[in-house]
Amino acid sequence: MTARVTVLYFASLRDVTDMASETFDTAAPDLRVLYIELRARHGFALPVERLRVAVDGAFARWDDAPRDGSEIAFIPPVSGG
Amino acid sequence: MDAPTLAGRFRLSETPFDVASLRAELLDGRVGGYASFEGWVRDHNDGRTVIGLRYEAYETMALAEGERILEDARTRFAIQDARCVHRTGELAIGELAVWVGVTAAHRDAAFAACRFVIDEVKARVPIWKHERYAEGGADWLHPG
Numbered sequence: 000m001t002a003r004v005t006v007l008y009f010a011s012l013r014d015v016t017d018m019a020s021e022t023f024d025t026a027a028p029d030l031r032v033l034y035i036e037l038r039a040r041h042g043f044a045l046p047v048e049r050l051r052v053a054v055d056g057a058f059a060r061w062d063d064a065p066r067d068g069s070e071i072a073f074i075p076p077v078s079g080g
Numbered sequence: 000m001d002a003p004t005l006a007g008r009f010r011l012s013e014t015p016f017d018v019a020s021l022r023a024e025l026l027d028g029r030v031g032g033y034a035s036f037e038g039w040v041r042d043h044n045d046g047r048t049v050i051g052l053r054y055e056a057y058e059t060m061a062l063a064e065g066e067r068i069l070e071d072a073r074t075r076f077a078i079q080d081a082r083c084v085h086r087t088g089e090l091a092i093g094e095l096a097v098w099v100g101v102t103a104a105h106r107d108a109a110f111a112a113c114r115f116v117i118d119e120v121k122a123r124v125p126i127w128k129h130e131r132y133a134e135g136g137a138d139w140l141h142p143g
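These protein sequence lines map, in sequence, to chains L and B. Going by numbering that gives the first Met the number 0, the first residue of the first sequence is number 0, and it counts up by one from there. Going by numbering that gives the first Met the number 0, the first residue of the second sequence is number 0, and it counts up by one from there.
To be clear, the hints were calculated from the coordinates, so they are not data collected in a lab. Hints may be right or wrong, so weigh each one.
[To be verified] Label pairs and their in silico Cβ distance ranges:
{"id": "1", "chain 1": "B", "residue 1": "Pro142", "chain 2": "L", "residue 2": "Ala26", "range": "31 to 37 Å"}
{"id": "2", "chain 1": "L", "residue 1": "Ile35", "chain 2": "B", "residue 2": "Glu24", "range": "25 to 31 Å"}
{"id": "3", "chain 1": "L", "residue 1": "Trp61", "chain 2": "B", "residue 2": "Val18", "range": "21 to 27 Å"}
[What the hints assert, rightly or not] Pulled a few chain B residues facing chain L out of the computed Cβ check, cut under 10 Å:
{"id": "4", "residue": "Ser35"}
{"id": "5", "residue": "Gly38"}
{"id": "6", "residue": "Glu94"}
{"id": "7", "residue": "Val97"}
Note that CB positions come from ideal geometry on N, CA and C, so glycine has one too.
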């Protein structure tokens, strides 16, 4: 089973990827594994433990499966205010 | 000074915004107390001299999460209304970065809710600060 997803990159993650988003097919069983795969591919410094994950604009759980057509964002520690 | 363009209670503004008009939006005969918080761009952080910064937001989620925080504040505290505007883009030292305004019949709830809103915004709204330093270099702030 694969799902076509769009992953959004922000802040230090975007600096590394040099792109705002990418769309691809993934066979990752959950969002944690998806991040681990992307971290290996792009060389992100931040480990999964320091991030949160959002799906379609709301915080989600790391053990959620990637849903076909969804927009996924890995959220580095925020620093607004 | 532009008025923020989005009509929600939580807004993002790419340009400097006017606090007086935001305060005026909260005027209400039922209100006896108004508490506000302003966060300004500071010229130092963690021992380094800051010369400017940039805020980047995951805009659609930031707006949704910000609205959820203001809704939480109305549920938890006896307040009349709560609003927040956060800047994005390039900011200079001393510029207004974030504004929170809360109205209530009585001051205790206004103060408490104002504190709650700024703390929650800093904890969970997807906005990131990128600082530039006098000594050279720049960094994303990813606290924790």
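Verification of the supplied hints:
no. : hint                           : result
1   : B:Pro142 - L:Ala26: 31 to 37 Å : holds, 34 Å
2   : L:Ile35 - B:Glu24: 25 to 31 Å  : violated, 46 Å
3   : L:Trp61 - B:Val18: 21 to 27 Å  : violated, 39 Å
4   : Ser35                          : violated, 14 Å
5   : Gly38                          : holds, 5 Å
6   : Glu94                          : violated, 14 Å
7   : Val97                          : holds, 5 Å
Of the hints listed earlier, those the structure fails to meet are numbers 2, 3, 4, 6, in rising order.
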